[in-house]
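Peer 1: Can you make the complete structure from the sequences, with help from the hints?
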Amino acid sequence: MQKSILHLDLDTFFVSCERLMDSKLNNRPVLIGGTSDRGVVAACSYEARQYGIHSAMPMRMARQLCPHATVIRGNSGVYSKFSDAVTEIIKDRSPLFEKSSIDEFYVDVSGMDRYVKQTYMWAQELRDEIIRETHLPISFGLSTSKTVSKVGTGEAKPNNYMRIEDGYEKPFLAPLSVKKIPMVGNQTYRLLRSMGVERVKTVQEMPVELMERVLGKNGNVIWKKAQGIDNSPVVAYHERKSLSMERTFDKDTTDVYKLRAIVMGMAENLAFQLRHGNKLTACVTVKVRYSDFQTHSKQKRIPYTSLDHTLIEVVKDLFDKVYDRRVLVRLVGVRFSHLIGGSYQIRLFEDSFKLIKLYQAMDKVRDRYGQQAVARAIGMSSKTIARPNPFNGQPAVLNG
1 MQKSILHLDL DTFFVSCERL MDSKLNNRPV LIGGTSDRGV VAACSYEARQ
51 YGIHSAMPMR MARQLCPHAT VIRGNSGVYS KFSDAVTEII KDRSPLFEKS
101 SIDEFYVDVS GMDRYVKQTY MWAQELRDEI IRETHLPISF GLSTSKTVSK
151 VGTGEAKPNN YMRIEDGYEK PFLAPLSVKK IPMVGNQTYR LLRSMGVERV
201 KTVQEMPVEL MERVLGKNGN VIWKKAQGID NSPVVAYHER KSLSMERTFD
251 KDTTDVYKLR AIVMGMAENL AFQLRHGNKL TACVTVKVRY SDFQTHSKQK
301 RIPYTSLDHT LIEVVKDLFD KVYDRRVLVR LVGVRFSHLI GGSYQIRLFE
351 DSFKLIKLYQ AMDKVRDRYG QQAVARAIGM SSKTIARPNP FNGQPAVLNG
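Those letters in the sequence shown? Residues 1 to 400, per UniProt numbering, in order.
Worth flagging that the hints you see were computed from the coordinates, not collected in a lab.
Ideal Cβ positions, reconstructed from N, Cα and C, are used throughout, including at glycine.
Any given hint might turn out to be false.
Quick list of simulated restraints, FRET-style, between CB atoms [stated by the list, open to error]:
#  : residue 1 : residue 2 : range
1  : S101      : E155      : 49 to 55 angstroms
2  : L96       : S291      : 47 to 53 angstroms
3  : S232      : L210      : 31 to 37 angstroms
4  : E88       : D320      : 38 to 44 angstroms
5  : D320      : R73       : 28 to 34 angstroms
6  : V235      : N159      : 22 to 28 angstroms
7  : R368      : Q299      : 31 to 37 angstroms
8  : D113      : K81       : 33 to 39 angstroms
9  : R49       : T254      : 53 to 59 angstroms
10 : K321      : L191      : 26 to 32 angstroms
11 : Y46       : S101      : 16 to 22 angstroms
12 : R132      : D255      : 57 to 63 angstroms
Computed cross-link-like contacts, DSSO-like style, restricted to lysine-lysine with a CA-CA straight-line distance of at most 30 angstroms [to be verified]:
#  : residue 1 : residue 2
13 : K241      : K224
14 : K99       : K224
15 : K316      : K258
16 : K364      : K316
17 : K217      : K91
18 : K170      : K3
Peer 2: Rendered as structure tokens:
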């Protein structure tokens, strides 16, 4: 059976949400992110993009490029509610869908022609329903693979749709900039341009061995994507409710420094797992079980985040409040709940550009050399290592 993959992407999602709440923002350049000069642009309207502004740009630079733009800090809780509303509509109508981010979805519609008059028409009706129910602009691409559908959505934007017929994937991709291929970031793009490769057509005509020689394994993947070859499946969407770690001691302890170091190390570890799984948390819980098996816990609601320095401070504060008996402790644990899909972008509203860059660099090192390659001294002293990856299996439970 021929695969048929639908890709849906909410247009300038954060900006669209803000405009629904304040119509005065319509047709005006809007910047969402950190409002101070140290902040970063999390999202911007199409009107702002005309001035060369893009996401992850320092807010100070964006203001210089467009001084009359309206700057909004953003509200991740509101955006999450709008995203949930769209998710519910897609869930009710779709046989199999994947939510890849807060504003992006894939739907496997293979074989649906047996049950509906035409898959393309069904996709249009789904889009119409989302717009009618949420008033959010949304675009889609429909093709035989995730890659081609995603590129198609990008070409259809804003607030439009496109279908790429089976057999026309390569001609569709050929005239586009090589930067349009998913996985081609700024660094890869600069490398390819230095080789004289600017269009997808050039990659299509190159031997795959040459791409592998230049880019390693990624070269093979990018070459296949340029040919319109992508067999990656739509992964069924299941909302994860929480992420947690616990540590049970072989010998009960009252060493406050050790206990505090362990829970802070857990917070750092889980924060990395959040970012690795493209998740954010809005609720932190710290648990203490004493030697008499009495268990006490405290939790706190916070703005959505996945950043160590914020979560560690919350965990430290909660531990100091919950550990009030000063008797032997058998177990400590940390849990992050109220999870939503998202990354650094949704929390750029208050965080500086340099800080985000630091986290990105640290996570790259961890991905390459292991999670403990970079860690805070307090976390290393606790020897808190997450295994297995909580996003691939069960929440990690550590027995020390």
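Peer 1: What are the numbers of the hints the structure violates, in ascending order?
Peer 2: 1, 3, 10, 13, 17
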